[in-house]
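*Asks:* Those sequence lines, one after another, are chains A and B. Residue 94 in the working numbering sits at position 94 of the first sequence, with consecutive numbering throughout. Residue 6 in the working numbering sits at position 6 of the second sequence, with consecutive numbering throughout.
None of these hints come from the bench; they were simulated from the model. As the structure is a prediction and not an experimental result, all values here were calculated from the model. Hints are not guaranteed to be accurate.
To be verified - Capping the alpha-carbon separation at 25 angstroms, the derived lysine-lysine pairs in BS3-like fashion look like this:
| hint | chain 1 | residue 1 | chain 2 | residue 2 |
| --- | --- | --- | --- | --- |
| 1 | A | Lys-364 | B | Lys-113 |
| 2 | A | Lys-28 | B | Lys-119 |
| 3 | B | Lys-158 | B | Lys-217 |
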Amino acid sequence: MSDRILEKLSILADAAKYDVSCSSSGSKRTNEGGLGNAEGMGICHAYTEDGRCVSLLKILLTNQCVFDCAYCVSRKSNDVRRAAFTVREVVDLTINFYRRNYIEGLFLSSGIFSSPDITMERLVRIARTLRREENFHGYIHLKTIPGASDELLREAGLYADRLSVNIEMPTKESLALLAPDKKQEDVLRPMAFLNESIQASRDEARSLKTAPLFVPAGQSTQMVIGATPENDWQILKLSDGFYRKLNLKRVYYSGYVPISNDNRLPAIGTPVPMVRENRLYQADWLMRRYNFTVDELVTPADPFLDMQIDPKLQWALRNMHLFPVDINTADLETIQRIPGIGLQSARRIWEARKFRKLTWEHLKSFRIAANRARHFITLQGDGPRKDLTPLQIRSHILAGAHSKYTANHSPQLPLF
Amino acid sequence: MQAVLYDGSWYGFMAAVFDVYDYRFTDVSVCPADRFNGHLFSEPHRVYTDEKKAKRVAAGLLNKISEDASAQLYRCFLSGDAAIEETLLAYIRYALSSGPSVESDFSHPAVIKVTQIAKKVWREQHRMEAFVRFQKTADGLFYAIIEPDHDVLPLIAKHFKNRYADQRWLIYDARRRYGLSHEDGGVSFIEVSFAEGSTSARDVAHVYDASEDLYQKLWKQYMTSVNIAARKNLRLQVQHMPRRYWKYMPEIGG
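One chain only, chain B, in its complex shape (with noise of 0.2 angstroms):
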């Protein structure tokens, strides 16, 4: 078995994709460098992220599946599941090797895979532009706190760039320790680091606007009121709504 260590990101793995193909490695394990424990017989590969090579990479696979299968890879990718980049490669070289598309072979076991991690993904990315709360801070900026189970970030910065162009706003996600934030029109990722033990990146009521109180208690008012208490059904609300996301949403956990 041959080890595959890459930097994590993206980029690096599409760059581990190309070495693999360039090593003509065949029993192949890839991995995060930071997650590797060691093999006892062989020597790991280091991959050098070469944006060249991952775009090469890229490029190849669109030759081969649509614009969506591919976002679907990257989706996957993102869910940060153990070993998923044994199933994204599985699928990858099917693709690569088949000659009409493949990305419509459900009893393909690599593409079923896929399939349903990144629907699994793209199900949090959509919770998230539900979920998130702002609270508004006395410089006018809207900020959110989350902890997704999936790095979704990336994938719902289109959507909070769209509908809040106006707006000065931040996410930040406390489980990986970045941001994304939006000024002037334009998004961008952040490095937020707040002191070991800290709570601040949650207790941010003590610079809050003026009016997020009264908001936060309307919201509050308005849960409460639209509640029909004789068709009250909490497991239903649970299975929409996990207890997992409650931590930051004022009207029932936060």
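Chain A extracted, bound-state conformation (with noise of 0.2 angstroms):
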């Protein structure tokens, strides 16, 4: 019995690792005299050997699959062992390892093994066992499966804290090449459902103290990035969509790790591109928390991320007739898209400076990146040299730089 599960545990989670979302943050469950809870931060339990944060248990219910996706390992054309787990090995396997602080709960996919109704009704069953009968109030992630009847993901959506639905390659034309049996619509048509839902849910809940929750951590979906010719701009475009229309939470990257001979993908032994992914992380993130537009972080022109140096700095050097910035009386929205400041010190600056003028002195005791921020800013009426060129200035950062710019190889954004 217990060979069986680790086998089909070290199946299972190794098939559904690729996946790269792990985020149990956003929710807003509270315990009900049960087990568990998902409010408001997420919290990374372990980290595996490739630096990746693990926050929830993450596997597939079955990798039998009926599709033939060219990406992925569980594909019906691959020769992999097949497994699938009963409803109550994923249960079991949830609550005791949530009971041992191993987790935040489960993150639950599946190969669509049969009709996308019969795989979604499997998934929503083991949700709705968690929350009806083990009374469990932890995070729960589950895909969404194209196709699968509006019924069903409503029913998911009072169960869930986060849906997801993986529109996996940026264009259609990558989509059709690589994922025969996938079509975009497919994806995006139970994405704008559920946004739809999301916000009725949100409206009435205005209205209603005692309406159920739906979705509370929202929807996220995941692009592969680098196993197709897209560039930045397309990318960043593309989640920019999904931010604004369809109000996803996350969009997640993942550079492609090459898994087969197909002639269609990059060979085995290609790199992981993840500098790549990391850049795309910190434009999403300028995006999302500093009001960046993507066409100042990319342009048609000009459609790929610099790999040398942050998406900020970029900016910054092209638009060197904003700098430099004085801290003593610029606004907070200037501060905060000064290279080296992030949102926390520009709040420092803003806040402290009402007591007094500041100096260096003060800036170093905020932790600013200093190598990066001396360049673009003034304090008191001492600035930077007038006679570098931006190019000379990336070549000055550069040079002074450590560890920070040899790429920081986490999918997840740092936290803090």
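Join the two chains into one complex using the hints; note that each chain is given alone, in its own frame.
*Replies:* Structural data, given as structure tokens:
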């Protein structure tokens, strides 16, 4: 019994690991006398050797799949061991891992082993058992199976904190090339349906105090990066659309890990594009938290992010006419856009200068990245050299930088 | 320099602050009695931990700073950093002597220092909420051991109480030799004493529940299976999960 479950877990966790989402934040589920809660901040309980956070028990219900997507290890034509969990096995694993404080909850996905409805129904049944029978209030993230009925999606939304369906490829053409069984509309349709239901339930919650939670942590999606020829501008434009039009909470970028000798894809042994993935996350973060637009970060004429410097610095070097900024007078949004100054330091600067004029010593005590920031600010009349070109500033900064510029490979954005 | 000695507790420290004002000490060094090394020229002042005095100081502070800022002072205190009293006293003096709230004056050395130390303690609090690993014993108790740098047990009580409301659990701080226990819906701090040199605090394998080995094995298997070898990055792993916490984590050290 225990050997069999170990084997299943090894197969079905291995098959789930290319889905990079592991977030457990943004929900507001309280414990009602049973087990668990999912309130506000997410928790990363462990880190694997690749430095990725483990927050949820991330598994497939089964890796049996009738689809044949070239980029996926579980594709029909791939010769891998197949396995399937029972409902009870997933429930027991979740509860017992949770009680030991290993995880924040469950992230359950599945191969399409039969019709979309049958697959989705099985995922929903597990979530229902956890909520209704086990009195479990921890985090649940379910995959939305494209083609499943609206009724099932709605029921899933009552139990899950987050739902997600992966767009996988940034363009229809790439999807058609690599995933002949999937269409972009099949992915967008459930996303749009859920978005409407989520907005409707928010409206209901405003007027009705006891309205049930419905996908409180919203929807997310994922794009595979580097398997197909799309540029960063196309990718970020698509993300921007997801954020604005479908109110997605997160778009994940998954650097393609070569897993097959299919000649439509990068060969096995090709390095995972981790730096590019990281730059995309940085750009995405600037869009969501700093009000940068896509076109400020990349343009159709210059559609790739610089791999050596972060996108905020790239933007600043293209817009030297906006600098230097006077730290003691500039507004908050302007200070936030200075390279080397994050949201927290910007807020501190803005608060502290109400008490006295700030000096370099103050800024250093706020732990700003002075190596970058010094080229872009003035402090009480003291400013940067005026004779440097953007290219020279870039090389000065690169020469003075240490580990921070040799790519942080984290697939998760830094929490703090 | 006037030495002011207190019992090492938070209330004791607040009572010490009361005395500093009451006796109008100016050039003063507040420190726990058991860390006092002696000053050459003066008799130390010994603080009596009077809850009433402590509460008056706390209330006085709340007239000047927010509850969040006051919680930051407590967090800072729990850091156990050497001479933390000096930083706290400087902050409190600045707050009590000023008109408008000064908690956002990050250009003041005591305010930025308190903010940063409180953040450091908060970070470890958050890490403990993440890295505590319970082991189930045969009588149904979930037992965990930690050795945090800072005294964060009082700070994580609420999180674990809310989360594991239907569970009997005990988190034991092996460095400070006390624990947090949850039974019948209430949490309490308990002293646990193990014989000197005994390993019984750590070694609970002999009282495991029958399922405990299986779930530890499954967890280890899970951690191995979700790793992507092509992305190996041990530096990043250690950055997020410093080695000093590994000892009690079955998937990696313990």
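*Asks:* A separate judgement is required for each hint: does it hold in the structure or not?
*Replies:* How the hints compare with the structure:
Restraint check for A:Lys-364 and B:Lys-113: satisfied, since their Cα atoms lie roughly 13 angstroms apart, inside the 25 angstroms limit. The hinted pair formed by A:Lys-28 and B:Lys-119 meets the criterion: a straight-line CA distance of about 24 angstroms does not exceed 25 angstroms. Only pairs whose Cα atoms come within 25 angstroms are accepted, and B:Lys-158 paired with B:Lys-217 is rejected, the gap being roughly 29 angstroms.
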